[in-house]
Amino acid sequence: MRALMLLAVSAIAVGTAAAGVPVDGAYGFQPPATELARDAFGFHNILLMPIITAITIFVLALLLWVMVRFNKRANTTPSKTTHNTLIEVVWTTIPVVILVIIAGFSFPLLYKFDRAPDLEALAAEDAAAAEGWINVKAQGNQWNWTYTYPDLLDDSGFPLEFVSNPLHRGISTDEARGLTNLSVDYPVVVPVGRYIRYYTAASDVIHSWAVPAFGIKTDAIPGRLNQGWFKVDEPGVYYGQCSELCGKDHAFMPIEIRVVDQATYDAWTRLMLSGDFDAAVEMVDAAQPDSTRLASAD
0 MRALMLLAVS AIAVGTAAAG VPVDGAYGFQ PPATELARDA FGFHNILLMP IITAITIFVL
60 ALLLWVMVRF NKRANTTPSK TTHNTLIEVV WTTIPVVILV IIAGFSFPLL YKFDRAPDLE
120 ALAAEDAAAA EGWINVKAQG NQWNWTYTYP DLLDDSGFPL EFVSNPLHRG ISTDEARGLT
180 NLSVDYPVVV PVGRYIRYYT AASDVIHSWA VPAFGIKTDA IPGRLNQGWF KVDEPGVYYG
240 QCSELCGKDH AFMPIEIRVV DQATYDAWTR LMLSGDFDAA VEMVDAAQPD STRLASAD
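Going by numbering that gives the first Met the number 0, the letters in the sequence shown line up with residues 0 to 297, in that order.
None of these hints come from the bench; they were simulated from the model.
Any given hint might turn out to be false.
[As the list claims (entries may be wrong)] With a straight-line cut-off of 25 Å between C-alpha atoms, the simulated DMTMM-like cross-links for lysine to aspartate or glutamate are:
(1) 111 to 87
(2) 230 to 125
(3) 136 to 23
(4) 216 to 184
(5) 247 to 184
(6) 111 to 125
(7) 136 to 203
(8) 247 to 233
[To be verified] Cβ pair distances, simulated, as ranges:
(9) 90 to 174: 33 to 39 Å
(10) 222 to 66: 36 to 42 Å
(11) 129 to 51: 22 to 28 Å
(12) 205 to 53: 32 to 38 Å
(13) 285 to 51: 42 to 48 Å
(14) 82 to 121: 54 to 60 Å
(15) 80 to 58: 17 to 23 Å
(16) 86 to 203: 52 to 58 Å
(17) 145 to 95: 45 to 51 Å
(18) 25 to 94: 30 to 36 Å
(19) 61 to 261: 54 to 60 Å
(20) 153 to 113: 32 to 38 Å
(21) 276 to 248: 18 to 24 Å
The structure presented is a predicted model; accordingly, all values stated were derived computationally and were not measured.
From the three backbone atoms N, C-alpha and C, an ideal C-beta is built for every residue, glycine too.
From just these sequences and the hints, can you work out the full model?
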């Protein structure tokens, strides 16, 4: 069943260089960029949607049948029946069976999202696992994100940290580049094909760090540290937004993630640790000539 889900989702996934860019008039989910997203989208498209569709059609057919068969004109003498044991058993048993089937597929998927893989156990057969985790912390603020790479230390021993602000706030001073309400000045940068473990927290109110193409959404809560993981299959630019109503500028709190090759990531980290953030962004732009950041604001 899992293989069928992956095959079906892969068949509708188109484009990789900008898989995380929303498209006007598009239908359904964004093309999945991670294994987690493929599994979740497959679970929805291959299992849940057929079940929901069948239930909807069945209930509609029952309603139409009742309206036609038991209206006053066709049924001048109302039935006195008050109970039907068989029907009561059926309408109790069938929903239970359906829920058990859904649970049988959803619980393993929830566990996979919640429990990061054991990279030490996978190291022998997975080169990316042998390289270990890349850790990133996303702290939500009103209304931007502070990103910290705790494993990347500068000469003074402090971790790499920067604030990511939106380029567009719906005002006249907005920059005429990037995607409206999605692009930021300093994006998150991670290497393709590596295991990324992210942490979320908040400095004020509840936020939520969500990237649809990755299939992830994790609440950022003051006083609590939540975590999740992902591994992106293809380089590109991926977008998300805060998905928890966090105040008047909630709509202007985007997330931009650049997924690049390892060499570009290493060069980016050196520039960021030196404090030259703008040069680091320009270097990533140059490595991705089709980047949406270089386009005019839509």
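Tested hints:
1. 111 to 87: violated, 37 Å
2. 230 to 125: holds, 12 Å
3. 136 to 23: violated, 31 Å
4. 216 to 184: holds, 22 Å
5. 247 to 184: Holds, because 21 Å separates the two Cα atoms, which is no more than 25 Å.
6. 111 to 125: holds, 17 Å
7. 136 to 203: Holds - the C-alpha atoms of residue 203 and residue 136 are around 16 Å apart, at most 25 Å.
8. 247 to 233: violated, 35 Å
9. 90 to 174: 33 to 39 Å: violated, 58 Å
10. 222 to 66: 36 to 42 Å: violated, 55 Å
11. 129 to 51: 22 to 28 Å: Given a distance of about 42 Å, which is not inside 22 to 28 Å, the answer is violated.
12. 205 to 53: 32 to 38 Å: Between residue 205 and residue 53, where Cβ atoms are some 37 Å apart, the hint holds.
13. 285 to 51: 42 to 48 Å: Holds, at about 46 Å.
14. 82 to 121: 54 to 60 Å: holds, 57 Å
15. 80 to 58: 17 to 23 Å: Since residue 80 and residue 58 have Cβ atoms about 21 Å apart, the given range 17 to 23 Å holds.
16. 86 to 203: 52 to 58 Å: Holds, at about 54 Å.
17. 145 to 95: 45 to 51 Å: holds, 47 Å
18. 25 to 94: 30 to 36 Å: holds, 33 Å
19. 61 to 261: 54 to 60 Å: For residue 61 and residue 261 the Cβ distance comes to about 58 Å; the hint holds.
20. 153 to 113: 32 to 38 Å: holds, 33 Å
21. 276 to 248: 18 to 24 Å: At 22 Å between Cβs, range holds.
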